[in-house]
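> With these hints in hand, go ahead and build the complete structure from the sequences.
There are 2 protein chains.
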Amino acid sequence: MSDLLERLRGRGWRMTAQRRVVAEVLDGDHIHLTADEVHARAVAKLPEISRATVYNTLGEMVSLGEVLEVSTDRRAKRYDPNAHRPHHHLVCARCGAIRDVHPVGDPLTDLPDSERFGFTISDVEVTYRGTCPTCASA
Amino acid sequence: MSDLLERLRGRGWRMTAQRRVVAEVLDGDHIHLTADEVHARAVAKLPEISRATVYNTLGEMVSLGEVLEVSTDRRAKRYDPNAHRPHHHLVCARCGAIRDVHPVGDPLTDLPDSERFGFTISDVEVTYRGTCPTCASA
DNA sequence: GCTTGACTTAGACAAAGTCTATTGTAGGAT
DNA sequence: ATCCTACAATAGACTTTGTCTAAGTCAAGC
Ligand SMILES: [Mn+2]
Ligand SMILES: [Mn+2]
Ligand SMILES: [Zn+2]
Ligand SMILES: [Zn+2]
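Order-wise, the sequence lines are chains A and B. Just so we're aligned, residue 1 is where the first sequence starts under this note's numbering, counting upward by one. Just so we're aligned, residue 1 is where the second sequence starts under this note's numbering, counting upward by one.
Derived from the structure by calculation, the hints contain no laboratory data. Watch out, some of these pointers could steer you wrong.
Unchecked claim - Result set (DMTMM-like, lysine to aspartate or glutamate): computed pairs, CA atoms no more than 20 Å apart in a straight line:
| id | chain 1 | residue 1 | chain 2 | residue 2 |
| --- | --- | --- | --- | --- |
| 1 | B | 77 | A | 37 |
| 2 | A | 77 | B | 125 |
| 3 | A | 77 | A | 27 |
| 4 | A | 77 | B | 69 |
| 5 | A | 77 | A | 36 |
| 6 | B | 77 | A | 69 |
| 7 | B | 45 | B | 6 |
| 8 | A | 77 | B | 73 |
| 9 | A | 77 | A | 6 |
| 10 | B | 77 | A | 125 |
As the list claims (entries may be wrong) - Across the chosen pairs, the derived CB separations fall in these ranges:
| id | chain 1 | residue 1 | chain 2 | residue 2 | range |
| --- | --- | --- | --- | --- | --- |
| 11 | B | 60 | A | 106 | 33 to 41 Å |
| 12 | A | 114 | B | 3 | 38 to 46 Å |
| 13 | A | 84 | B | 102 | 43 to 51 Å |
| 14 | B | 84 | A | 114 | 15 to 23 Å |
| 15 | A | 30 | B | 28 | 21 to 29 Å |
For each residue, glycine too, the CB sits at the ideal point set by N, CA and C.
See below:
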């Protein structure tokens, strides 16, 4: 069921009811929830879970490399369980819907040496913005 | 002197000491200051300028299209007077230094139709991350 | 030099996130 | 099975970044 939960087992991770529900809430494709959204969904399964624990648990999952932090807007960070397949994001400017996308080619080759200012570049992050089909037809 | 200030004149923009100082502080190349940094530098020239006025003025400049908001980290928004030459950003992960960069080609062509989920894409934002020469030699 | 609507200000308020002191518990040891 | 203890969970104070409001100030046209 929870692929993320499976990945977290056998890492010496002490299993608690709180950690289990956070992992369950983050299961699925194109999942990019804020900490507060994770908390709201976790409370539905385990009413006494605290906000601090959700933040702590998400932070640990990020440290373990099993969850990614995504910042597609200037509001809250979003947590993404799709940590093992490199990807970028497509965001609807109207409703905020987020899709995982996989551009072809390496965007790094598009940056000429004269535009690198002597930096050693280790990562490129691409965000596509537009209007989703639902918002376009509304 | 202040190219930004020149651009803002003759737009029916009521000129005040506060607005002049904010525009002066934002003059230059590769400028990407936070609102608080703008405020600190503005206070040095005009001690009584308030935080609210800096936020208001930056917001108006953004609305006029003369300043861009840049979000290269999850902390404060940064304000960029280079609003008329499309560009992307190269960020040092260690010290936060930000350079304006101009990749060749259109990153949109790298996203196949099958990866567009029916969206109409209007904008692409690219952030290159790495280590600047100063941090690399330290 | 008036008048007036636009601008500025201080401080309250809000959202997102961090930190701390205290209490609880998972899981190994006995 | 029970005990122990290091690790985890909790409430709430605190911080950072940003917005809002009500009252005072001023640039610019007449
Ligand atoms: Mn994703
Ligand atoms: Mn820039
Ligand atoms: Zn939409
Ligand atoms: Zn650096």
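> Decide if the proposed pair is consistent with the structure: residue 77/A and residue 73/B, CA atoms, cutoff 20 Å inclusive.
Between residue 77/A and residue 73/B the Cα gap is close to 11 Å, so the pair holds against 20 Å.
> Range hint 43 to 51 Å: satisfied by the CB atoms of residue 84/A and residue 102/B?
violated (33 Å)
> Regarding the pair residue 77/A and residue 27/A, is the alpha-carbon distance no greater than 20 Å?
Within the cut-off at roughly 17 Å; holds.
> Next pair to validate is residue 77/A with residue 36/A; report whether the Cα-Cα distance is within 20 Å.
Between residue 77/A and residue 36/A the Cα gap is close to 10 Å, so the pair holds against 20 Å.
> Taking 15 to 23 Å as the stated bounds, is the beta-carbon spacing between residue 84/B and residue 114/A within them?
With a Cβ separation near 21 Å, residue 84/B and residue 114/A satisfy 15 to 23 Å, so the hint holds.
> Per the hint of 21 to 29 Å, is the separation of the Cβ atoms of residue 30/A and residue 28/B within bounds?
41 Å Cβ-Cβ, so the 21 to 29 Å window is violated.
> Is the Cα-Cα distance between residue 77/B and residue 125/A 20 Å or less?
holds (17 Å)
> With 38 to 46 Å as the target window, see if residue 114/A and residue 3/B comply at their CB atoms.
Since the Cβ atoms of residue 114/A and residue 3/B sit about 23 Å apart, the hinted range of 38 to 46 Å is violated.
> Could you grab the alpha-carbon distance between residue 77/A and residue 6/A and see if it respects the 20 Å cut-off?
violated (24 Å)
> Has the hinted range 33 to 41 Å been met by the Cβ atoms of residue 60/B and residue 106/A?
holds (40 Å)
> Given the proposed pairing of residue 77/B with residue 37/A, does the C-alpha separation stay at or below 20 Å?
violated (23 Å)
> Sort out whether residue 125/B lies within 20 Å of residue 77/A, counting only the CA atoms.
holds (17 Å)
In this structure, the earlier hints numbered 1, 9, 12, 13, 15 are contradicted, and the remaining ones agree with it.
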